[in-house]
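J.: Can you make the complete structure from the sequences, with help from the hints?
Protein chains: 4
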Amino acid sequence: MNTFGRIFRLTTWGESHGFGIGCVVDGCPSGLELTEGDIQNELDRRRPGQSSITTERREKDEVEILSGVFLGKTLGTPISMFIKNRDIDSEKYESIKNILRPGHADFTWREKFGHVDYRGGGRASGRETVARVAAGAIARKLLKRIGIEIIAYTKEIAGIRVEDEISFGDIDEIRRIIDSNTVRTINKKIAKDMERAILDAKSDGDSVGGIIEVIAFNVPPGLGEPIFARLDSELASAMMSIPSVKGVEIGDGFSLSRMKGSEANDEFFIENGRILTRTNRCGGILGGISNGMPVVVRIAIKPTSSIGKKQRTVDIEKMKETTIQIEGRHDPCIVPRAVPVVEAMMSLVLADHSLLSGFIPRRLS
Amino acid sequence: MNTFGRIFRLTTWGESHGFGIGCVVDGCPSGLELTEGDIQNELDRRRPGQSSITTERREKDEVEILSGVFLGKTLGTPISMFIKNRDIDSEKYESIKNILRPGHADFTWREKFGHVDYRGGGRASGRETVARVAAGAIARKLLKRIGIEIIAYTKEIAGIRVEDEISFGDIDEIRRIIDSNTVRTINKKIAKDMERAILDAKSDGDSVGGIIEVIAFNVPPGLGEPIFARLDSELASAMMSIPSVKGVEIGDGFSLSRMKGSEANDEFFIENGRILTRTNRCGGILGGISNGMPVVVRIAIKPTSSIGKKQRTVDIEKMKETTIQIEGRHDPCIVPRAVPVVEAMMSLVLADHSLLSGFIPRRLS
Amino acid sequence: MNTFGRIFRLTTWGESHGFGIGCVVDGCPSGLELTEGDIQNELDRRRPGQSSITTERREKDEVEILSGVFLGKTLGTPISMFIKNRDIDSEKYESIKNILRPGHADFTWREKFGHVDYRGGGRASGRETVARVAAGAIARKLLKRIGIEIIAYTKEIAGIRVEDEISFGDIDEIRRIIDSNTVRTINKKIAKDMERAILDAKSDGDSVGGIIEVIAFNVPPGLGEPIFARLDSELASAMMSIPSVKGVEIGDGFSLSRMKGSEANDEFFIENGRILTRTNRCGGILGGISNGMPVVVRIAIKPTSSIGKKQRTVDIEKMKETTIQIEGRHDPCIVPRAVPVVEAMMSLVLADHSLLSGFIPRRLS
Amino acid sequence: MNTFGRIFRLTTWGESHGFGIGCVVDGCPSGLELTEGDIQNELDRRRPGQSSITTERREKDEVEILSGVFLGKTLGTPISMFIKNRDIDSEKYESIKNILRPGHADFTWREKFGHVDYRGGGRASGRETVARVAAGAIARKLLKRIGIEIIAYTKEIAGIRVEDEISFGDIDEIRRIIDSNTVRTINKKIAKDMERAILDAKSDGDSVGGIIEVIAFNVPPGLGEPIFARLDSELASAMMSIPSVKGVEIGDGFSLSRMKGSEANDEFFIENGRILTRTNRCGGILGGISNGMPVVVRIAIKPTSSIGKKQRTVDIEKMKETTIQIEGRHDPCIVPRAVPVVEAMMSLVLADHSLLSGFIPRRLS
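Chains as they are written, first to last, in the numbering used here: chain A, 425 to 789; chain B, 425 to 789; chain C, 425 to 789; chain D, 425 to 789.
Be aware that a few hints might be false.
Identical chains share a label here; the pair holds if one copy fits it or two copies do between them.
[To be verified] Taking lysine-lysine and the DSSO-like style, the derived pairs with C-alpha atoms no more than 27 angstroms apart in a straight line are: (1) K734 / K684; (2) K497 / K508; (3) K508 / K484; (4) K626 / K616.
Hints are computed from structural coordinates only; laboratory data are not their basis.
T.: The structure is reproduced here in structure tokens:
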């Protein structure tokens, strides 16, 4: 259940305050050039402690590849990766280990497992996603071989929305913009507003959420397996598995439910011998299968559950009501750091289905 | 890929204009009392031809159980079910078999499979969902044993939204209301407005979409398997696999992304020795695991793709642009008939996870 | 659990004395020419009532394809097949429904499921294998496209062993011989001895077992996924899932355990630019992956459990010891009719792995 | 494909001459007491360099648990384990990296993956099984809770067979005997003969194989999922996945194929209110489900492929025939060290099915 995928399969492991976080990527084709540097680049984008709006936990998140690569190329065998936990400060969790933090998984994990690692959220911590980003970096390299490019960015924070459009031609420039502002959005001016909203919430001891949009360009038509391994089903599952995600929509998503059919349908036309659609309201997926247009997904992220404000809750050991004020090191808004995680999950799904459909062979050399 | 689930597993088969639609339910515990009547009740709710706002295709959708049941009880062996296609009228599809219908899966299935059954959408037709409703009826019976009740209704059609709340105590009354209006909503007055919006679209040769909300009551805390078989991931995958669904949200979903943490977090309290939350913004799921509050999911359904209006498109055989006006028998709004399908998918996920977590034993007698 | 395979997936259903036996084949590529005749040919080889050494149950075993095929070609969607049970005579089972038949699954199924279909063994009956043969016929057609040919025959019955060797060049002639003798072996003279041993056992109210050898020719090197989806693992699992099979060996199997390494190792050489081995003691599989030599598997089948002789046993309802003498229609030796089942299981494994490794594409046209 | 199991799932990774070997055990219930010592005990039994008949590679095989355990108990989250490779000597492999070693996976892995780690067999090395033994130790602890005890021993080496019988009462004594002789058999006198046969082969530059028998006591009736996840199928798959295994039989296996039904059937009787069988020819499994008698499996292991004798083979780079004499550190007979691996695989299968059938709960505390 800690495994994702059908051919390209990711298994993650590790707790927030344990030895570290790791993963095993199984099913990656042999012959792919791969170095730790390829992976480190992505990890650095997710890493905590990058700016005033992220947690102060200092993790270098250096990845070690322990298997599956030989002389700079993948072997087709499982790729084991490990990221050590270094800056662990578990002390603050001792005193609140029986106090259920609202919005967190404390209660449900306790109900399910009985025995839990209460330090920093244990395995339910967002820290687990570092393993997904590591795996996603491999998937992304694989996808590049068939021309697929994936880009995610902050669409909305605290209700502040960016409406700029992205086109494939500008992708490098867009990436530069995204990585040059603290909130990872595509409009520098709106970035300032978003950052301010985050800092305001932070100074209030509160938190905010937002929306991330992810687009995959150059996805060939034919990816996705009806009826239940549809591309949209797999993407919804992948995205919803990211902590704090509470909604997923494909293409125009919920807006489509308010359109007329004549407005919602994407009309077909021919360009350079290829069949395209004039609009892309369906987000590149029809009948669960990619149609060759960009695959567009948007996800809703709730505000960070850890807040400084006083909240009413329960001491589960004493079975008594009480209150809590959460200290510790937290992101007042998790959206910017979730951007590379969302890219990773999109990469994993597309790599898996590219293998499943035969667009990428099992052996590259 | 036509199989859904881990322990309680559904495999569906069949094309819209073939012999019929069927399914195999594997992993149902032995000893469950089950008759064709149990299943027929649910099928009758999904059946076409029920009112002026549904397709005129006349299907009685009578289910036959072909295996897995003996002397009125399940054997623990696969339950095979079959629903014959009776009212097939494929003629209209012959002339447009090479004309891509906008919004439909014609193009993508053709790209993926090459050889397709173009009659009535073939396997991509919504007719496939009759098998899910049949399987869902079994799952629902199973869930009843541990007190879980599931109810879905039309939340919104063409932007007309019902805001009434549902509580567990009123569930029988609510069910009666839902089944007594053509749009399957919970407010009779708003039902009329919704029906009018559908009929207006129909007379325009157009279509409308909407939103369905589904609630599962009495779900015990502890269902869902982190990290990737989280209850919310599985529900998102299940719902997104329903044709025409383009968005899924859990609890307050996209609205949560615009709240503050202090507003979004559900505070815990104690009632009769049980830990509950004062609000249920998280929709009954925290950290991927049910928390004992009602599980609430909303899904966005796009307007029916088949419309009478003229649309621009492509003849894929001649590779020339052309136009199409779709005749034939279609629902101008698929939302009301999707309500039982949504209930079925929720039932399947919860039954599967109840087995996985041991809340329901593999053998009932 | 009633599903076999990873890409090319078979789900079977049905009880011996229920409506019939069926299956769903999912993951078959689109564009494969397929008729009911292709499947019927194989079913006819497994059919009961073919000679004096098989059961008297008269089943024509006519297959109906209910989905997944359109205009004579597969659609890439699930292929549902149904074989009706016609000659059902359940009466004899009523009186012994609580008496455990030694060697049968009566006791274990009852322990596992509580409620069982005691008529003719229910789902534990060998009759379930008719669905495997139907599915295997499709797999076999698929494999033919890449030149793979599979042949199984009776190697031994009641200790009488045939030592003739099979080579690919003679395959058509060998098939003719196999299908022209009642025991399905490759030496007509020994066939007589085997038949006599079966008839002797039959007249004694007893039964005999034997060994089947199955060989797949023209398997390309590279099939099989280490470490756990090795080709030999998958074959062992497939073969052991056939009722009455109690042993599986690859290549020289158990004999290899008594050889020296210098004798057991197959030396490599080059012929026409291909790397071959001088001997084939490893049965075409090294390190879990096919090496291009014929894949050779042998399976041990126990004597039919149903015998006329008096046996001591238990009445599970009364929990008292008793005796039983089994009447009814049974094969005194199941080996000849298991031959096509063994071919089917080999076909299923190889088709699945050919798809997994990309030797067969997901779309044929 | 490097993952085994359904609920209790093992994923292994690592190459013989890489950083180390590791695994992730997913699906272990929470609340199981577990220390590195529990695992180390089993690893020490598999460790190389234990006697004159094993390889001289010196590995301490110290296991580190990196996740999934907190305060001495399992969390229900993935248990990651790591065993460092220390005594690596890859030099000898450089010169023969293009020479196919007969009996080894060199050729097939090269065909499948193109790019391979030729050092010490890479991932095809028997060294990978250290991860299985680590995981098996956890499974074994779990099984102990419901009274299941597993014991494997060398039944035969180089044709020298031990015929002593094992009964549950003597299990501790038998274990002591097994671990006190170099060949891990249950008869000290025959142990000497076996050891001599191994040393003779070694001094000849040759190798020998053998047979291992594994018995699970106190398995409750009802384990195993028909039709395809039968207990015997799963065991066959598990055993055949061990390198060098070429045959598997359940109970009397191949011998059964030569018996009469009246001899092969195990008659039922009642003892202390339990239904037992007088004999156990079926090896504790009927119809794919355990019957409460000891589960007995025997596996055939081929002689070690690495031998000092000159063998004819091919240089795959030059595509020329050549010869090879393998130096390096090898076991002249792998059977004794495979004994704990066989126990591990049996433990994994039984733990998985105990969870699947509900005999072990998902949460222990």
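J.: Take the hints in turn and mark each one as holding or not.
T.: Hints, one by one, checked against the model:
In this homomeric assembly, K734 and K684 come within 27 angstroms of each other (Cα to Cα) only across copies, at 14 angstroms, whereas the closest approach inside a single copy is 46 angstroms. In the homo-oligomer, the alpha carbons of K497 and K508 lie at most 27 angstroms apart both inside one protomer (23 angstroms) and across protomers (21 angstroms), since each shortest distance falls under that limit. For a Cα distance limit of 27 angstroms, the shortest separation of K508 from K484 qualifies both inside one copy, at 9 angstroms, and across copies, at 24 angstroms. For the identical chains of this complex, K626 and K616 are intra-copy neighbours only, at 15 angstroms inside a copy versus 47 angstroms across copies, given an alpha-carbon limit of 27 angstroms.
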